[in-house]
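Q: The lines below spell out each chain.
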Amino acid sequence: MRPDKLVARIAIYAVLGFFALIFLAPLYVVLVTSLKTLPELRVGTMLALPQGLNFDAWGKAWSSACTGAACNGLQPFFMNSVYIVIPSVIISSMIGSINGYALAQWRFPGSEIIFTGLLFGFFIPFQAILLPAAQFLGMLKLANTIPGLIIIQTVYGIAFCTMLFRNYYVAMPLELVKAARVDGAGFFRIFWRIFLPISLPIFTVCVIWQFTHIWNDFLFGVVFSGPESRPITVGLNNLVNTSEGVKEYNVDTAAALITALPTLIVYIIGGRYFIRGLTAGAVKG
Amino acid sequence: MTGLSIRNVHKSYGNVPVLKGINIDVAEGEFLILVGSSGCGKSTLLNMIAGLETITQGEIAIGGRVVNDLPPKSRDIAMVFQSYALYPSMTVRENISFGLEIRKVAPEERKRIVEAVAESLQISHLLDRKPRQLSGGQRQRVAMGRALARDPTLFLFDEPLSNLDAQLRIEMRSEIKMMHKRTGKTVCYVTHDQVEAMTLGDRIAVMKDGVVQQLGRPQEIYDAPANMYVAGFIGAPPMNFIPGTLEGEGSGLVMSIDTGAERRRLALPFRPADVKARPGQKVVLGLRPERITAAGASTSDPLKVRVDMTEPTGPDTLIYATLNGKRTLCRVQPFAAPKAGEAIALDFDLSRALLFDPESGARLDGGLAG
Amino acid sequence: MTGLSIRNVHKSYGNVPVLKGINIDVAEGEFLILVGSSGCGKSTLLNMIAGLETITQGEIAIGGRVVNDLPPKSRDIAMVFQSYALYPSMTVRENISFGLEIRKVAPEERKRIVEAVAESLQISHLLDRKPRQLSGGQRQRVAMGRALARDPTLFLFDEPLSNLDAQLRIEMRSEIKMMHKRTGKTVCYVTHDQVEAMTLGDRIAVMKDGVVQQLGRPQEIYDAPANMYVAGFIGAPPMNFIPGTLEGEGSGLVMSIDTGAERRRLALPFRPADVKARPGQKVVLGLRPERITAAGASTSDPLKVRVDMTEPTGPDTLIYATLNGKRTLCRVQPFAAPKAGEAIALDFDLSRALLFDPESGARLDGGLAG
Amino acid sequence: EDVEVLHYYTSGGESRAVNVLKEDLEKIGHTWVDSAIAGGGGANAMTVLKTRVISGNPPKAVQMRGPAIQDWASQDALVPLDAVSGDWDNLLPPAIAEVLKYDGHYYGVVNWVHRVNWMYINKPMLDEVGGTVPTTWDEFFAVADKMKAAGHTAIAHGGTPYHDAVYFEGIVQSMGVDFYRKAILEGDAEALNSPTMVQVFDILRKSTEYFDDATQGRPWNLAAAMVIEGQAGFLFMGDWAKGEFSAAGKVPGVDYICAVRPGNEGIFTFIADGFVFFKQNGGEATEGQLELASLIASPDFQLRGAQFKGAIPALNTVPVDSFDDCSKKAAADLQSTAASGGLVPSQNQGTTEAVLGAIRDVVTNFINSDQDSASAAADLAAAVQAAK
Amino acid sequence: MADTIPADAGLRKGLARPSRASVWADKWIPLVVLSPSVVISLIFVYGFLAATAVLSFTNSTLMPRYVGAGFQRYIDLFSNSVWWTSVANLFWFSVPFIVLSLGLGLLLAILMDQRIRAEGALRAIYLYPLALSQIVAGTAWQWLFNPEYGIQNTVRALGFTSFEFNWLNDSRMAMACVVIAAVWQCTGFVAALFLAGLRGVDEEVIKAGMVDGASMPVIYRRIVLPAMWPVFFSVLLLLTHQAIKTFDLVVAMTAGGPGTSTWLPSYFMYNFSFERGRMGVGAASAVMILVMVVAILIPMMYLEKRAQKNAS
Ligand SMILES: Nc1ncnc2c1ncn2[C@@H]1O[C@H](COP(=O)(O)OP(=O)(O)OP(=O)(O)O)[C@@H](O)[C@H]1O
Ligand SMILES: Nc1ncnc2c1ncn2[C@@H]1O[C@H](COP(=O)(O)OP(=O)(O)OP(=O)(O)O)[C@@H](O)[C@H]1O
Ligand SMILES: [Mg+2]
Ligand SMILES: [Mg+2]
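Residue numbers (the working numbering), protein chains in the order written: chain A, 1 to 285; chain B, 1 to 370; chain C, 1 to 370; chain D, 1 to 388; chain E, 1 to 312.
Worth double-checking, as some hints may not be accurate.
[Said to hold, decoys possible] List time: in silico EDC-like cross-link candidates among lysine to aspartate or glutamate, alpha-carbon distance up to 20 Å: (1) Lys177(C) to Glu342(B); (2) Lys181(B) to Asp308(C); (3) Lys141(A) to Asp2(D); (4) Lys130(C) to Glu101(C); (5) Lys250(D) to Glu229(D).
[Stated by the list, open to error] Between beta-carbon pairs, the in silico distance windows are: (6) Cys71(A) to Val198(D): 45 to 55 Å; (7) Lys20(B) to Trp28(E): 27 to 37 Å; (8) Arg112(C) to Ala171(A): 38 to 48 Å; (9) Thr299(B) to His125(C): 38 to 48 Å; (10) Asp301(B) to Glu109(C): 50 to 60 Å; (11) Glu101(B) to Thr299(C): 55 to 65 Å; (12) Glu101(C) to Asn23(B): 53 to 63 Å.
[Claimed, not checked] Computed footprint of chain B on chain A; a stretch qualifies when at least three of its residues, placed anywhere within it, have a C-beta under 8 Å from a C-beta of chain B: (13) 145 to 153; (14) 183 to 195.
Read the hints as simulated data drawn from the structure, not as lab findings. We put the beta carbon where it would ideally sit given N, CA and C, even for glycine.
Make a model of the complete structure from these sequences and hints.
A: Shown next, in the form of structure tokens:
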């Protein structure tokens, strides 16, 4: 390699490495803090490695830390989140995909207007619709229940899912639908047999995106849940704000990590497909 | 019984008219070619026949039955697309049998049909592959197989070969031709490749801007094009158009030609009475490259022409010359090829020459060869 | 002085060898064609000449100077790409002048050059458009203009016409040819279109699997291909390969032909001494379609052949027949065209026939025509 | 019966006090359904409450204080507690009873009474610099200077609008209870934009010089921890902070001193924490709601809850002998100020959320900028007017 | 194909004259399929926004109260200095946030496009912050910025005892902290989008640039980046949307402080609607935020569409 090229390569890696360290720093700090004991926390700096792998704080955050009057840790909240996230992700992705399919492949007069109209839902600040939404859920007798939360999360996810899928399907040739119609297939069968099977990349993007957003949501979670249906972000918030004199940073950080773990895992496992899916459809360049 | 009948069909997108009254009758078993430059409305017409676009005005009948209001699946047609439109997630087998499955053909029957079709297209060994694992030519065959398996009364093809490279195109062309001969089905085939148009069809409809310019047998269209557009469109290399002024000489008509090497008046083989132009009028003389050949012993009165460039294509050599200021192409035998800049004696076979109006493009000669 | 010299060049990607020792010398001002089927390494070689790929082994010299270690910008070359690779955000003018700007040519000078180039390519009116506002042919011209403006010692073209439709291709082909004649620059031109190869180049290098199969003048390669690959690759429609068994008859060689209509032994024009095969051996007879014509009055001994299919292309008609079980193509005059199923008397001009080994593809005749 | 209780008692002694109540309730056969919503000083909980009410599904019991009780009662959302309020009129100081009543009926039940105008001093540090408990701001700054000179942080402060306002309130009260009433509780523009108020801001500005530089976002309990651990000298916070001290095993008078803030003698600013009970389906009070209310009002809970919370019982019949010295003083002061007119609600209790927010905006902005006192006073007057 | 496949009655089964319903269905099914979403959107988005808009013209305080108040709530809003502070803060938040995310994301994307090793790992590292909720991210950054146990303390422990890093307590710098956290969270995503865009650029164009004699930086600046307008617009749209909606991050990091120096309009809306019991003003601010969204995003969506159309 020519020397100037070598210098350029070294510079590239140096810059990338530097930013990688910066990006990792918060995670590192949170992780090592969660593995320390309280006395350890007081003496060392936040960058210092823990003296040993001490998962006590994790155990406490999971099952015995107090969140308000209850001292069951995050455990019950975790399951609530799971019950909320799974159906809403599935339903919103399914609706988004069939909407996107209808909008991209069955264009009809007004379809662009409908698309823009739906898309607007993605841009509204959700604080603005809390009260009417609560009233509506109350009318449906679903206020403060897990089904109610599923509805809310699904409904406000549709806009984004529709956009993702539409942009993906728009890149597919219109001839596919034509060929299938000539073959005798109808709207749903074409979707089910032809478009759904090629939608894996964009489904991955959609599912990852929806999963993280719904899992991480606090606003809807705190407002529309009842005592039996609070998601984990609310649990985390209560736990971090519940303290006895000394703040147990190790427990708080462990709780934060437990909260973040599912999404982190989803990203680590699905990240590659996420990028691939984005390249395949969501971005046009 | 007609296989397909298109009666006064119009199509507009919004206010933009795309088809302006198309009338074509296709006999049962006939192979009709729709040809024309890009954007002239070929695909639109085909989609309307298939039921994929609504008909703004007029009537389309397939096998005697008016289908204006029928959805595609009830029209008993099969269609092959330029992009093949193979279902990407299905294997070749599934692609071919999908239409049968929807029509609730029994599984064993389906299997039998798929295998028979695959056999006839020599793609039996590909049946379990996915489309992305196929080459262009193989995909084309699968697309064809999908249409064949359905055994419809009418085949529609929308530029099915244009994504293939030249060599494969030639091969598939002859396969489509054989397939048609074997099945005897009515076919409506869109292309904008004139060679395909010439070689495949029983009849050709040449379209331009939503209007059929000429409808006729290939040789008819080749020899007696209705106007300059058709003449220039059909044939490769295309017809030469030599501008000039019509002159009377004796009882005949002549035209002055300046070849760069000499200036000469060529006698035209038209009877003045048949020609819709008078001496003194500007005209365009149409002459196909293969009618201008190297002068041989039998040539009575060769024309000396200065050669701009030569192109040996192998079987023939093309000679470029400038006649009356217009680039003109001549097709000569390889061994007769001169060097650029030299003059060569050429034989102008005017017996099949045509005369056009330079403004409107209309034929001016009486249709001698038609 | 040589314009370009490629000496024993190898290229591997990882462990996969792609070029396996290429040796080509191109004289200054010569137009060299690199031709070969897809994936044979043409683009790789061109990229190595341009400095866009490293050279695994061997040496490349441009204008006598070894360039192995020079970056592309120091090689004084210009390149035209298959996708044209116009800079999408720049106007045509900027596209053409970009290379000059980088080389710090003064603005007025740049303007002068751009305008001269645009003039010569007839794109002056397009100078302020963006590439996406251009048609395929116009884009191609701009790509060419970009290369011309730089006035390099060596032009590289990588399938510059393959994205154009047939008609435009013919037109651009002749323009490239004229451009070369005008500038007299060395050109290295990649294509896999045999017509382009035949018509454009001073010499053709036919490649296969990273090896040059034959390097020679177009007509030489057309008439005397080194092997069956070259013979089949160059020429459209391609050469017919009729399998058979070599037989001795008297002092000459013959081969049995079964035409479907009759069975006959054809006398081959080779001297047995020249032929690297003995009677009884299986061989392939190579015969170009234009050598099989309709028998005329002068034909001494016509062969009766059953016609499978005919294709009138306009200027000629192609006849498909089956000889010794192999599909064979014959090019006859349109008026001689028979119907499918009929028998026709054909004139086999064996004077330019070739003999190949069916296994290795090697030429077996003595190179009579070469 | 399931009794869902929405509250934001999530820290220290609070949650233990709540647990007492929970046990009591479950002893009599009801189920305590805990709805703790932490954060934002109850803001999150109030957001939840609003959406719950609007969706027609309010929790049965809600922790609440201040004019919000009247607001909700005026919306006809609360159940009156007539069935259990009996002789509360006699047991509660009138100033406190007033905040629980609407239209002559009790709608809230008080858990305990907090005194806000406390300050806590780290005794070893005070002794180290040889200071005495300051009773005026001048004395205070003198001691603070000594602490600063000795290398200590004089004031442990939590940089939240909430703590800022608590600190500010003490200074306003040091200008006299009438001024406090006029300016803060009544929002009188003249008082708000008076030279006295400018003086208040001057003292506030001077105080900030004794903060450390990591105050931003620090919760008050961490500020308390600084005094507990000897990192800082003074903490200005209500008596609930005492829970943090006792939880850390600190003894008043030995490890720390609790004292009335400078210039606050004779004034008792209270927060009467309580619960209200929301009508279910617009109907009558449920048995569980009433029983919870009477549990809260029972001497037993008043005693134990107040102890855990560091507050004092609201009912004057509950003996405070078992309380620590600080609480005993507070209990005594409660009675005396109730008589003298020095018993006033803290701003948290006595102003609407809108006014409270406006005050906090100005105060917190002042602390975090270098605004001058006069313009801060003018801003305060304008902001409070706008929010009324 | 009569010779290979015998005509079969079963084949024609599907060809019976279609019922009126099936013809109708063919035409209207896309609309029917979309209609639930349209209805949902009409209720949950437009309906609820309309309800909020109605509230902004009422006397609502603690709870909705439908007594008309004309434009009084808007007058209240516009005369409230905190609102204007929030709007100004939004500018000081979103401009640096968008510029930095774009710039850094682009830089990382370009560097990752240089055929580097470990690209997958680096991408994962840059992308993971997106997986964290803003609450968790904000809290983590709050710890890092906290002078007592964060960066300042750490650097001091390394021996630089006079090191000062206390932006979170400085009302002029607190917003910078929020910006840093937001940039940290979004940059990886931006880089991924740009990388996808870069990968879509025709490789031959880059080769053409090299042959034309341009260096890599020039090729990127003059050729590649200008070709990426559509991606650029998409990213800008997403970031602007993100900036306007940022809420949790502020709550977790600064709760608006110090003072009101990190209040944003979304925080203002929440605070006034729910915490302060000034629902009318909160609703008015919500309407204003929507106006901003429409005023900023609609033109951008239009431009993006045009850019994409032009690119194709
Ligand atoms: N959905 C549509 N809306 C508006 N105009 C359309 C639509 N589809 C096609 N057109 C226009 O109708 C005309 C005919 O289009 P059509 O696709 O039939 O042309 P074509 O002859 O098939 O051309 P090509 O050879 O390029 O395929 C074109 O000018 C096209 O722009
Ligand atoms: N970067 C690469 N890494 C590995 N293999 C490569 C790479 N680039 C090209 N190849 C392989 O090298 C061979 C030659 O490629 P090249 O592009 O030169 O072919 P070509 O003759 O130009 O073909 P075409 O006519 O399709 O353009 C192909 O088999 C290709 O798969
Ligand atoms: Mg078309
Ligand atoms: Mg190539």
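Q: Confirm or reject each hint.
A: Each hint tested on the structure:
1. Lys177(C) to Glu342(B): Given that 20 Å is the threshold and the Cα spacing comes to 17 Å, the pair holds.
2. Lys181(B) to Asp308(C): holds (11 Å)
3. Lys141(A) to Asp2(D): holds (18 Å)
4. Lys130(C) to Glu101(C): Holds - the C-alpha atoms of Glu101(C) and Lys130(C) are around 18 Å apart, at most 20 Å.
5. Lys250(D) to Glu229(D): holds (10 Å)
6. Cys71(A) to Val198(D): 45 to 55 Å: holds (49 Å)
7. Lys20(B) to Trp28(E): 27 to 37 Å: holds (30 Å)
8. Arg112(C) to Ala171(A): 38 to 48 Å: At roughly 44 Å between Cβ atoms, Ala171(A) and Arg112(C) fall inside 38 to 48 Å, so the hint holds.
9. Thr299(B) to His125(C): 38 to 48 Å: Holds, at about 43 Å.
10. Asp301(B) to Glu109(C): 50 to 60 Å: holds (54 Å)
11. Glu101(B) to Thr299(C): 55 to 65 Å: holds (56 Å)
12. Glu101(C) to Asn23(B): 53 to 63 Å: For Glu101(C) and Asn23(B) the Cβ distance comes to about 58 Å; the hint holds.
13. 145 to 153: Coverage by chain B is violated for the stretch 145 to 153 of chain A (0 residues, Cβ < 8 Å).
14. 183 to 195: holds (count 7)
Of the numbered hints given earlier, the model fails hint 13 alone.
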